[in-house]
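Construct all of the structure, not just a fragment, from the sequences and the given hints.
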Amino acid sequence: MDRVTIAATIASLIESFNKKGVPVTDASTFAGDLEFDSLTVMDFVAAIEDEFDIIISMNQQAEIENYGQLVDAVTKLVG
Amino acid sequence: MTDLFSKFDPLIEMRANLLSTGVTDPFSLVMEKVLSPTVAVCNGRETILLGTYNYMGMTFDPDVIAAGKQALDDFGSGTTGSRCLNGTYAVHRDVEEALKDFYAMDHAMVFSTGYQANLGIISTVAGKGDYIILDIDSHASIWDGCKMGDAEVVPFKHNDIEAMEKRLKRVPEGAGILVILEGVYSMMGDIAPLKEMVAIAKKYGAMVLVDEAHSMGFIGPNGRGVAEDQGVLGEVDFVIGTFSKSVGTVGGFCVSNHPKFEILRLVCRPYVFTASLPPSVVATAATSIRKLMHGAEKRAHLWENSRTLHGGLKALGFQLGTDTPQSAIISVIMPDLERGAGMWEALLHEGLYVNLARPPATPAGMTLLRCSLCAAHSADQVQTIIGMFERAGKSVGII
Chain A
1 MDRVTIAATI
11 ASLIESFNKK
21 GVPVTDASTF
31 AGDLEFDSLT
41 VMDFVAAIED
51 EFDIIISMNQ
61 QAEIENYGQL
71 VDAVTKLVG
Chain B
80 MTDLFSKFDP
90 LIEMRANLLS
100 TGVTDPFSLV
110 MEKVLSPTVA
120 VCNGRETILL
130 GTYNYMGMTF
140 DPDVIAAGKQ
150 ALDDFGSGTT
160 GSRCLNGTYA
170 VHRDVEEALK
180 DFYAMDHAMV
190 FSTGYQANLG
200 IISTVAGKGD
210 YIILDIDSHA
220 SIWDGCKMGD
230 AEVVPFKHND
240 IEAMEKRLKR
250 VPEGAGILVI
260 LEGVYSMMGD
270 IAPLKEMVAI
280 AKKYGAMVLV
290 DEAHSMGFIG
300 PNGRGVAEDQ
310 GVLGEVDFVI
320 GTFSKSVGTV
330 GGFCVSNHPK
340 FEILRLVCRP
350 YVFTASLPPS
360 VVATAATSIR
370 KLMHGAEKRA
380 HLWENSRTLH
390 GGLKALGFQL
400 GTDTPQSAII
410 SVIMPDLERG
420 AGMWEALLHE
430 GLYVNLARPP
440 ATPAGMTLLR
450 CSLCAAHSAD
460 QVQTIIGMFE
470 RAGKSVGII
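Those protein sequence lines, which keep their order, are chains A and B. Per the numbering used here, the first sequence runs over residues 1 to 79. Per the numbering used here, the second sequence runs over residues 80 to 478.
It should be emphasised that the hints constitute simulated quantities derived from the structure, not laboratory data. All the given hints hold, so there is nothing to weed out.
With a straight-line Cα cutoff of 27 Å, these simulated DSS-like cross-link-like pairs (lysine-lysine) come out:
#1 B:Lys236 x A:Lys76
#2 A:Lys76 x B:Lys226
#3 B:Lys281 x B:Lys207
#4 B:Lys245 x A:Lys76
Structure representation (structure tokens):
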């Protein structure tokens with residue numbers, strides 16, 4: 001799966017969590033721009049893990065602050 | 080210069096706002112005298128204690144107190160040393176023997192607190208390249224143990240068997256796995272479906288650690304906890320527990336049948352690099368644990384108390400953490416922190432102490448009034464408590 005396909009899938013997954021409809025770019029941060037609290041993060045990560053059948057451990061999550069980094073991380077994990 | 084304390088500003092402000100309403104600070108109560116396991120004097124007034132973890136009422140047991148006094152006389156006030164060096168006395172061995180007998184397990188290791196038991200075992204057992212799969216509502220000591228170790232940490236939704244299995248399935252081939260569960264989750268007072276979860280963990284070759292801090296002494300046919308009650312204690316690799324709840328003093332432990340368990344005494348840093356418990360503390364613990372083996376009647380009365388309080392509060396219209404009484408913890412869900420603090424204060428004025436719990440300790444950002452029952456609460460006291468809740472709930476406008 002290439003980065004563009006993965007980005008498109010994540011973009012569709014993020015919609016239901018993006019309650020305020022904030023425009024999402026690679027630089028959008030989850031805690032700041034998207035205002036995700038810890039519960040939202042958990043549900044969002046679970047949705048992505050289930051979609052791609054991968055594990056994004058807490059250790060890896062700590063390195064992911066914005067949307068672009070998430071797409072990169074998933075692309076790497078999907079391989 | 081950046082003030083390193085500026086990160087606490089939001090909490091300082093939240094606290095100031097709460098106290099500015101004139102409410103008594105729920106986090107700085109002082110008990111001036113403790114009259115029994117269920118009654119103390121707070122602000123000069125006799126208060127029923129419904130927010131301690133003294134589930135089996137052992138703190139004033141005459142045999143327990145006598146054992147502590149004897150150990151003070153025989154061994155002095157403290158060990159001034161690590162368990163690995165000069166800090167293991169005969170009484171430390173006694174308490175480990177008592178634990179092995181209580182759980183019918185081969186090994187027992189005593190830490191200075193329950194927090195350190197989780198910190199030590201988790202961070203030492205799960206290392207680099209291993210995976211920890213744990214419930215998202217795990218206790219702070221479990222999370223801190225994960226953070227201190229080098230394993231990959233993967234949480235799943237609370238008590239969700241399917242979510243747990245999905246994560247186990249995705250762990251890379253050959254990696255070591257530690258699944259961490261609790262018997263009773265102390266915020267809502269609910270129990271885990273250990274029978275199903277432990278079976279699935281084993282199917283994927285994981286080792287299983289269960290924290291039974293809030294079940295020891297009264298859940299399960301021998302009081303060994305939820306894993307015993309659900310018939311899977313034999314499949315659990317590590318049971319973590321504490322002396323600061325049913326046992327009635329302070330300290331933590333891990334019991335296990337793992338043949339190589341004893342090596343942990345040399346490699347587990349929160350065990351090695353701290354002073355051992357005072358002899359009086361381990362002597363009281365050993366006596367208490369041995370008495371808990373014969374606590375069937377007290378156990379039955381505690382369950383009766385739990386059922387009565389749960390039913391009484393439910394009938395009054397309070398929203399509770401569980402539909403049925405599952406443990407000795409009955410959690411009352413408050414609409415918000417302000418009304419929670421108001422209700423807490425109204426109960427204190429009635430002469431009742433409960434725990435006010437707020438985020439980040441609570442799940443889903445909830446404010447809870449946590450009631451924990453004791454086998455030493457009389458049936459009359461429980462009825463008195465229900466009456467206090469009714470009056471306080473009406474005056475604060477929660478029911």
